[in-house]
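Q: We have chain A; now place chain B onto it with these hints.
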Amino acid sequence: DTAVSQTPKYLVTQMGNDKSIKCEQNLGHDTMYWYKQDSKKFLKIMFSYNNKELIINETVPNRFSPKSPDKAHLNLHINSLELGDSAVYFCASSQEWRGGEQYFGPGTRLTVT
Amino acid sequence: GESVGLHLPTLSVQEGDNSIINCAYSNSASDYFIWYKQESGKGPQFIIDIRSNMDKRQGQRVTVLLNKTVKHLSLQIAATQPGDSAVYFCAETFSGGGADGLTFGKGTHLIIQP
Chain A
1 DTAVSQTPKY
11 LVTQMGNDKS
21 IKCEQNLGHD
31 TMYWYKQDSK
41 KFLKIMFSYN
51 NKELIINETV
61 PNRFSPKSPD
71 KAHLNLHINS
81 LELGDSAVYF
91 CASSQEWRGG
101 EQYFGPGTRL
111 TVT
Chain B
114 GESVGLHLPT
124 LSVQEGDNSI
134 INCAYSNSAS
144 DYFIWYKQES
154 GKGPQFIIDI
164 RSNMDKRQGQ
174 RVTVLLNKTV
184 KHLSLQIAAT
194 QPGDSAVYFC
204 AETFSGGGAD
214 GLTFGKGTHL
224 IIQP
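Those sequence lines, one after another, are chains A and B.
The working numbering applies: residue 1 is where the first sequence begins, and numbers increase by one.
The working numbering applies: residue 114 is where the second sequence begins, and numbers increase by one.
Just chain A, with the same shape it has in the complex (with noise of 0.2 Å):
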C-alpha cells in the first residue's frame, strides 16, 4: 500500500492558470508538508501543517496555499501560475510536528509553458 500519494504525477499547463496538487496519506500522521525540488535538485521546505498549526516558509508566494479538508489530506493550490513555478513538488508526512523521520509521495513534475 502506498504511504503518501499524490496526484497528478505530471501537470503540464499554462501561464496564468490556477492548478491544485492533491496529497493523501494512509499512514495517521497528524503532520504533512509540501517541498519544491529545483532543477538542480535542491529540495526547499513550503508549508507545515497539523491540525493546530500552519507554518509558512516566508518565501513561498501567497499564489500558493495548501488546503486540508481532513487529517490524511493535505493538497496545494497554486494561483496563476507562473514560468517559475515549473519544478516536481512532494508531499511528505510525519508522526511527530518536528524532528520526526518524515515520509516522501513520489512527486508532481509541474510544467508552466
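Computed beta-carbon distance windows for the label pairs:
| hint | chain 1 | residue 1 | chain 2 | residue 2 | range |
| --- | --- | --- | --- | --- | --- |
| 1 | A | 67 | B | 154 | 18 to 28 Å |
| 2 | B | 133 | A | 60 | 27 to 37 Å |
| 3 | B | 181 | A | 65 | 30 to 40 Å |
| 4 | B | 133 | A | 16 | 41 to 51 Å |
On the chain A side, residues computed to face chain B include the following (Cβ under 10 Å):
| hint | residue |
| --- | --- |
| 5 | 48 |
| 6 | 103 |
| 7 | 105 |
Don't read these hints as lab results, they were simulated from the structure.
Beta carbons are placed, not taken as given, at the ideal position from N, Cα and C, and that holds for glycine.
A: Relative to the frame of chain A, chain B by itself:
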C-alpha cells in the same frame, strides 16, 4: 544561503567498495539529522537518522556519523551495490521550534561503477 551543504556533487565508487558521503551544516541549533536517498523519478526515501545526543548510529550497511564540534555529518555505505546509485541528501531540523520542516543540502549523486 542554505544551512546544510555537501562537499561533493558527484561521487563515483566501484561496486563492492565502501562509500562515504559528507555533509556540513551551519545551524548549531539543529538537533535532528536525516539521510535520504532519492532515485530517479521518485521521492526521497529515509535511510537513517541521528539525534544530536549521539555521534554514531548504524543501520543495515549504513552508518551515520555526527561531529557537532565541526558541524559535520557523514553517511557511510558498506559494500556498495548497483541499487545504491542515487542522489543522497542530508537534512536537518530543530525539534524545538524555529526552522520547520527539514532543511536539505544540495545532494550528492552516488554512481556505482561495475
